[in-house]
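Novice: One-letter residues, chain by chain:
4 protein chains.
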Amino acid sequence: MDVNKLLAKLHADLPSENTGIVASYIPELAHAQRDKFGVHAVTIDQREFSFGDYEEGFSIQSIAKVLSLTMAYQRENKDLWKRVGVEPSGTPFNSLIQLEQDMGIPRNPMNNSGALVICDILLDYLADPKKDLLAFVQSLTGDETIYFNERVAASERETSDRNRALIEFMRSFGNIRNGTERLLDFYCSLCSIEMNCRQLSRTFLFLANDGVSLSGERIVSISMTKRLNAIMQLCGLYDEAGEFAFRVGLPGKSGVGGGIVALLPRDYCVAVWSPPLNKKGNSHFGMAFLEGFTSQVGESIF
Amino acid sequence: MDVNKLLAKLHADLPSENTGIVASYIPELAHAQRDKFGVHAVTIDQREFSFGDYEEGFSIQSIAKVLSLTMAYQRENKDLWKRVGVEPSGTPFNSLIQLEQDMGIPRNPMNNSGALVICDILLDYLADPKKDLLAFVQSLTGDETIYFNERVAASERETSDRNRALIEFMRSFGNIRNGTERLLDFYCSLCSIEMNCRQLSRTFLFLANDGVSLSGERIVSISMTKRLNAIMQLCGLYDEAGEFAFRVGLPGKSGVGGGIVALLPRDYCVAVWSPPLNKKGNSHFGMAFLEGFTSQVGESIF
Amino acid sequence: MDVNKLLAKLHADLPSENTGIVASYIPELAHAQRDKFGVHAVTIDQREFSFGDYEEGFSIQSIAKVLSLTMAYQRENKDLWKRVGVEPSGTPFNSLIQLEQDMGIPRNPMNNSGALVICDILLDYLADPKKDLLAFVQSLTGDETIYFNERVAASERETSDRNRALIEFMRSFGNIRNGTERLLDFYCSLCSIEMNCRQLSRTFLFLANDGVSLSGERIVSISMTKRLNAIMQLCGLYDEAGEFAFRVGLPGKSGVGGGIVALLPRDYCVAVWSPPLNKKGNSHFGMAFLEGFTSQVGESIF
Amino acid sequence: MDVNKLLAKLHADLPSENTGIVASYIPELAHAQRDKFGVHAVTIDQREFSFGDYEEGFSIQSIAKVLSLTMAYQRENKDLWKRVGVEPSGTPFNSLIQLEQDMGIPRNPMNNSGALVICDILLDYLADPKKDLLAFVQSLTGDETIYFNERVAASERETSDRNRALIEFMRSFGNIRNGTERLLDFYCSLCSIEMNCRQLSRTFLFLANDGVSLSGERIVSISMTKRLNAIMQLCGLYDEAGEFAFRVGLPGKSGVGGGIVALLPRDYCVAVWSPPLNKKGNSHFGMAFLEGFTSQVGESIF
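Chains as they are written, first to last, in the working numbering: chain F, 9 to 310; chain C, 9 to 310; chain E, 9 to 310; chain W, 9 to 310.
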């Protein structure tokens, strides 16, 4: 099978009109061009395939939550799970309702509240948090051009009232320790990481490779890798996780910048990017493309 | 590896005391002996392994929801998913709260409301619903000793007020078509199916075998098999689905009778039984045993 | 002050267009003519004032819940309040959400679930429930022409799925004792009572008259009267009770037939009728008229 | 009737043991002595009655929310009600759940979120907010010894995470305009006002006197007075407002310091104080005492 041709064909098969909407609640994200489309896949034996705007950078947004979780998991194997759960939430990504019922313990580390707790944990471990975070992310591929988009981070900090509410709310239950502005600054930098599809699929390859990164370094144990994949499978696409498992069948994570990364354990990792989002906040074409991809390739985890 | 020895060792490694509680809300279930324990695994090339009370029958309860779903899916590939979703719920198995927000569409076919909708669909297709259902279940293994436990079914019908509420509530949204008592009778029979661990793992083998049953018959397509597994993975253990994915890493389904069935696609299916349940309503020792099993075997879908 | 003239003037002051919508979920109610308008007031010294279609009968619907509550309160002074609360709900009249949180105890006897519990209580006391209920209602005014509208009752029974759900749900918590169909039949008859504005204001006069009816009979004690008025004030207009207290300032009760009855303790009772309802399910013009009325008269309970 | 004797007798009739619990979530409040009890009533013709520790000051806490609401209502008659509702909430005083459903508009100005919005409004009007607020409160009685307890205010600011969450959450919906710390500082000062029962009943007399204060000044119009009383009646005792209307039958407001103020329009105002709170956060003995009081006096608004 010529995978590059398959990628092109799958793109050609997408509907002519994209009914999704480019995210605009973070003003800086609204600049994304709605007809951009890129995809890049890399296998654990490092063959690579791609199509479209796969070399164009975009804001990976919530996809980065898997990377911060990985860093925290390296440092806190047990206590981590006392402060954040591993269950899908059944509610939108920034909801406070469940947090009230659950006494300030986020359902999982993939929604905003859980990712904030993870950042709060990392602030207790990292000497120079933003620098250390970026160094870790770059180390996964050895690519030192990966960076924080400062304009996006600033734009995000300016529209962070809801996240501030989440922080103070969890603090009232004793589940946040660091100062609000310091925490928000770190969190907004995390979300502002910019990559292209190639960088993104390479970065996440360690999760397809039993915990060993592209550059051959063990990042997490096999068991931890499985658990990170389980969390992505169950919680990675917010309240559309079930639909993603049903249609695509791979552990994955989406971001409001229009990116989705997904992976088949012990096989490959794929990153797709198309800015317009569906109603659940996931890339409309990204979902459709990945569904076609796993249907054609005939492989999924199930 | 001697799998039978492994099963025995894993059982020996369980805590000496079981803090779970045998389900009693269906009076007939309360008779189960709390120290019973059985496990049976079967591979797609039909090797079999077992330990303990694996030949003793028990009420499979909600595990049967996967079987009714399979029957409905055979008959309605598309319209089915307009009447029931595929998302995890984040709420207990008999909750009405989400149903009110979601206008009578159950989140998934694994909780009570969704399983009732599936039964309502089947009533429109089956000439002799209970007989046809049992025939289908028996056909998966060719074992005609599998039966409805009439005492359990009767006990369940007598404690069905909550399910009646779910039915009438969904009917008020137009999502139930058949008469309440007829529907409940069918649903209670479904839940009263009795099997032992060997029968259970053999019955579910088709989901590990790309849709082909133990007796070599194609039950559903490969694609449909993947989707059934995805639903089990995301929704099969109620609001503990995330924990199960995290700790065990296999698609599975539990029942309040203390049974859990789980499977590794294209490899094996395993059924475990221990009546005492944890707070989420899943077999306490069953969860622990399967966690140990996938840790030792080192294989999961992730 | 010429009260009849005031009533006419207040009617003339209503907006020319009524943006409300006539209830249609009970098909028989949809026949109501949207431009009908009637009002009738009676003082405790039995002066009477009226305007418009005050002699035309309409379905009093939920207004009747106060009458069934009064009958139950006469029979069960203490135990009653273990099965139903006296708190406003903050949710729509037929919601199941709170009922789940509150373990099957309705927040108050003015919403559907609470009124069903009250009917369930009455079924345990009344020899011939429908006949006894009608006799009680007629006895408040001595007017034997008040009747159940059988067509409305039948129409209501046919669209009772939601109420059936409430009944079964509360039964699952042990808070319903009688058979579902018997209870629904009684409840639908209660809601089908037909009165005109004059009959309605006269019927409710006992609540303005410290518990003594128009015909001079003590119905409930002074203390019980106060408590019935308190319940109407806090819960009588569903989730618009606060707005009604704020704008009108009188204990009152509304029905989806477009009627509202309100009263000033130790002074008068007024009934108004206009079928189109606002978004909260209360008569749009009825609310506006009563607001004008208490503003002009300058009297409210506050 | 000798009212002073009645007050003493009603106190003697209270149960020997108080099962309530002194509030401790604001550390400074935990110092209150649990067996303190005071009551003071004043009529609109300025007769005064009292019993017990009625001259001992205590933290009036949420009772002060009525005073800030009055100040805001003087300044914004219409727009005010676009930013806060007048409906009872059916949920605890500091819940965020409803706020999420209601898009950041608090149900009423008596719960924490609503009172924060009222403070936000006042910050836009007052030149020297804390000074102006205290001057207004003192002006109601002419008593310049009324003060902010700075220790309580400081203690409250230190335990304000939940209120910070409410502020940021409402800000995310555009319903808060001023800086968080400035707003919290003002709000905590408001709640820290200290009065004794005599000062409290005198302060609230204007609400029993059609809007005219003890010192003879018109504070709000008659219509506005009625509306303030309506809000207190429906929302003044949190999710126990119905119980208070049912048992006591007067508009009232409680605070976690153990104070309750209640009033009979055009008659009298009464303040009672006993620190131990019931489960809903209202003074346990205060509720019981007022129930006895209105039962004995035989007067309520209903």
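FYI, nobody ran anything at the bench for these hints, they're computed from the structure. Treat the hints with care, as some may be off.
Treat identical chains as interchangeable: a pair holds within one or across any two.
Okay, derived cross-link-like pairs now, DSS-like style, lysine-lysine, Cα gap no bigger than 27 Å in a straight line [unchecked claim]:
1. Lys287 / Lys86
2. Lys287 / Lys90
3. Lys13 / Lys138
4. Lys86 / Lys44
5. Lys44 / Lys90
Computed from a predicted model, the values in this text were never measured in an experiment.
Novice: Hints first: check each against the structure and report whether it holds.
Specialist: We went through each hint and held it up to the structure:
For a Cα distance limit of 27 Å, the shortest separation of Lys287 from Lys86 across copies, 21 Å, qualifies, whereas the shortest one inside one copy, 35 Å, does not. Proximity of Lys287 to Lys90 under the C-alpha cut-off of 27 Å is restricted to the inter-copy arrangement: shortest distance 17 Å between copies versus 32 Å within a copy. Taking the shortest alpha-carbon separations for Lys13 and Lys138, neither the intra-copy value of 40 Å nor the inter-copy value of 50 Å comes in at or below 27 Å. In the homo-oligomer, the alpha carbons of Lys86 and Lys44 never lie at most 27 Å apart, since the shortest distance is 41 Å inside one protomer and 31 Å across protomers.
In this homomeric assembly, Lys44 and Lys90 never come within 27 Å of each other (Cα to Cα): the closest approach is 41 Å inside a single copy and 32 Å across copies.
Of the numbered hints listed earlier, those contradicted by the structure are 3, 4, 5.
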